[in-house]
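Chains as they are written, first to last, in this note's numbering: chain A, 1 to 68; chain B, 69 to 608.
Calculated from the structure, these hints are not laboratory results. There's no promise every hint is true.
Said to hold, decoys possible - Stretch by stretch, here's where chain A covers chain B in the computed footprint (C-beta under 8 Å, at least three residues):
(1) 421–428
(2) 431–439
Stated by the list, open to error - Pulled a few chain B residues facing chain A out of the computed Cβ check, cut under 8 Å:
(3) Glu443
(4) Leu465
(5) Arg470
As the list claims (entries may be wrong) - Residues from chain B that keep clear of chain A, each with C-beta distances beyond 12 Å, as calculated:
(6) Arg79
(7) Pro88
(8) His90
(9) Glu149
(10) Gly206
(11) Asp209
(12) Met258
(13) Ser351
(14) Glu410
(15) Val466
(16) Asn467
(17) Ile492
(18) Gly593
Computed from a predicted structure; not experimentally measured. Ideal Cβ positions, reconstructed from N, Cα and C, are used throughout, including at glycine.
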Amino acid sequence: MPLDLAPRLDDPDGLFAALVAAHEGLDPPASRRLDAQLVLLLANHIGDTEVVLDAIRVARSTDGGDAP
Amino acid sequence: MPHVPPRYEYRRPPELDGGPGHHPMVVVGGGLVGLTLALDLARRGVGVVLLDDDDSVSTGSRAICFAKRTLEILGRLGLGERALAKGVTWNTGRVFFRERELFGFDLLPERGHEYPAFVNLQQYYVEEWLVEACRATGRVDLRWRNAVVAVERHPDFAAVEVDTPDGRYRLTTDWLLACDGARSTVRKLMDLPFTGRVFRDRFLIADVVMAAEFSTERWFWFDPPFHRDQSALLHKQPDGVWRIDLQLGWDADPEEEKRPERVIPRVQAMLGPDVAFELEWVSVYTFRCRRLERFVHGRVVFVGDSAHQVSPFGARGGNGGVQDAENLGWKIAAVVQGQAPESLVDTYDDERIPAADENVLHSTRATDFITPKTEAARAYRDAVLTLAGRHEFARPLVNSGRLSQPYVATASPLNASGDIWPGIVPGAPAVDAPVLWNGRPDWLLRHIGSGFTLLVFGGDTIPVPGVEIVRIAPDALHDAEGLAARRYGAPPGGCVLLRPDGHVTALFRRFDAERVRAAMAHALGQPAHTPVTRASARVA
Numbered sequence: 001m002p003l004d005l006a007p008r009l010d011d012p013d014g015l016f017a018a019l020v021a022a023h024e025g026l027d028p029p030a031s032r033r034l035d036a037q038l039v040l041l042l043a044n045h046i047g048d049t050e051v052v053l054d055a056i057r058v059a060r061s062t063d064g065g066d067a068p
Numbered sequence: 069m070p071h072v073p074p075r076y077e078y079r080r081p082p083e084l085d086g087g088p089g090h091h092p093m094v095v096v097g098g099g100l101v102g103l104t105l106a107l108d109l110a111r112r113g114v115g116v117v118l119l120d121d122d123d124s125v126s127t128g129s130r131a132i133c134f135a136k137r138t139l140e141i142l143g144r145l146g147l148g149e150r151a152l153a154k155g156v157t158w159n160t161g162r163v164f165f166r167e168r169e170l171f172g173f174d175l176l177p178e179r180g181h182e183y184p185a186f187v188n189l190q191q192y193y194v195e196e197w198l199v200e201a202c203r204a205t206g207r208v209d210l211r212w213r214n215a216v217v218a219v220e221r222h223p224d225f226a227a228v229e230v231d232t233p234d235g236r237y238r239l240t241t242d243w244l245l246a247c248d249g250a251r252s253t254v255r256k257l258m259d260l261p262f263t264g265r266v267f268r269d270r271f272l273i274a275d276v277v278m279a280a281e282f283s284t285e286r287w288f289w290f291d292p293p294f295h296r297d298q299s300a301l302l303h304k305q306p307d308g309v310w311r312i313d314l315q316l317g318w319d320a321d322p323e324e325e326k327r328p329e330r331v332i333p334r335v336q337a338m339l340g341p342d343v344a345f346e347l348e349w350v351s352v353y354t355f356r357c358r359r360l361e362r363f364v365h366g367r368v369v370f371v372g373d374s375a376h377q378v379s380p381f382g383a384r385g386g387n388g389g390v391q392d393a394e395n396l397g398w399k400i401a402a403v404v405q406g407q408a409p410e411s412l413v414d415t416y417d418d419e420r421i422p423a424a425d426e427n428v429l430h431s432t433r434a435t436d437f438i439t440p441k442t443e444a445a446r447a448y449r450d451a452v453l454t455l456a457g458r459h460e461f462a463r464p465l466v467n468s469g470r471l472s473q474p475y476v477a478t479a480s481p482l483n484a485s486g487d488i489w490p491g492i493v494p495g496a497p498a499v500d501a502p503v504l505w506n507g508r509p510d511w512l513l514r515h516i517g518s519g520f521t522l523l524v525f526g527g528d529t530i531p532v533p534g535v536e537i538v539r540i541a542p543d544a545l546h547d548a549e550g551l552a553a554r555r556y557g558a559p560p561g562g563c564v565l566l567r568p569d570g571h572v573t574a575l576f577r578r579f580d581a582e583r584v585r586a587a588m589a590h591a592l593g594q595p596a597h598t599p600v601t602r603a604s605a606r607v608a
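Turn these sequences into a full structure, and let the hints guide you.
Quick look at the structure:
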């Protein structure tokens, strides 16, 4: 199954607020650890290494907003 | 040419010479919300005394984005066409990040509505028209330079003391409606807590006059090259006036930033070196989102910014306030005219506190997105913006302001237990649709009066006292395109009962006079199975 890049979130603003709130009170190293745990949890939920590898490729190639 | 504000004449109030000291209805504050409420009450036959500490309209353009629902309310009050004619209509916008455009959006993708998603219009124009319209009713006693300095609360009335150029007087009123803005004097005099969040950021808001032809779209920039690490907004108003918002950061000195020597270079950098412009109005704001715990305090009711304050991203201040006024006007009129028990006014809290919370939530989230307050928040924000340029999935996460939508009071105690069907829910505002009237193009909402209205999608009816029946049929309002039936999801013969504020309160699969009558009584807050006549007879 390819990485789905169409909008799928039922409550985008709520999700964004929850992600930001999860980091409240954490110093930068603790924030990094939290994000790493989140990625691993979600990767396991997806359960498909190819999809996660696709996501890594997209994230690595989308840089700075002014990529072609 | 800069706008010249009107000066309204102060007149010596009769109370200073021993005149009438009691009035059924007193509105405090002659701004957008107070004037809308006074006009609505006057048109419902209720006389109003309006007290305002100033003698003019708003300084600066202030609330500029009038949302579709607000325009529909102005339409009902007779000012809709004027707003459309003068205002700048817009439905679309664009979002930029650093050097590039991320995406465009359309807030009203479907056709067939009299009013667009938004009209941009300086608040002072709408206030001037509302003053004229209030005067034309002959029922609004507009008292300029009348400043409330004391408030007394009693179980069945309120009293205020008022300062005027000729001295102080006292008046009593059955209802005191505080529409006196975010810095409400009435709220302070009653010592009511107004709690919420302050955002540690400052924004420069400027109106500039220029001949350059930028788009009428809403353009929003995150971290643009002309204003690094901050956000910017450009929006067109009538008269060649443009609204510019520039984020300044918490460390900016508000007084310093208001000086033209500071403002002009910032604006020039944004518009480009060749654009000539003049500053019309400049202000520096810190945004707050907060509200009163309750809006109804016995016979004192808070309406608009006096009850709740939001940041401007999303245009939810003025629009929310006008929609408050719309919610309260018919209820309080029904109470003073003896058609409803006083408890109907309490449902203003039931319906408008959740509406305020929705506005505060959207406004808070937008401000948090624009002003990330932690390193992690900024990383997520910038990740969303980076991805949004190339991947559609990230665009719904970009929040440059969730623009005002009317609140849908699905949990209102006034919604009757009628039928339900997909398409529209009780508590939602009535939806517009194109219709033919005597063969000519017209709009459905223009046919909804100021009382209870039953939309009947075909089939026979009999009169129901107190309800205006609007038939949607080829020989009446002809739904030629079928959009009315589709937008209301109405089955053939279905009926939609609208309240006097044009909100759906009950649906019926087919006409039944008794059920309609009961739903109307319920929406007026009348207790079930105890008709007023029987109760009166027992007392007699």
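Hints and how they fare:
| no. | hint | result |
| --- | --- | --- |
| 1 | 421–428 | violated (count 0) |
| 2 | 431–439 | holds (count 3) |
| 3 | Glu443 | holds (6 Å) |
| 4 | Leu465 | holds (5 Å) |
| 5 | Arg470 | holds (7 Å) |
| 6 | Arg79 | holds (50 Å) |
| 7 | Pro88 | holds (52 Å) |
| 8 | His90 | holds (48 Å) |
| 9 | Glu149 | holds (35 Å) |
| 10 | Gly206 | holds (47 Å) |
| 11 | Asp209 | holds (45 Å) |
| 12 | Met258 | holds (33 Å) |
| 13 | Ser351 | holds (28 Å) |
| 14 | Glu410 | holds (38 Å) |
| 15 | Val466 | violated (9 Å) |
| 16 | Asn467 | violated (6 Å) |
| 17 | Ile492 | holds (21 Å) |
| 18 | Gly593 | holds (34 Å) |
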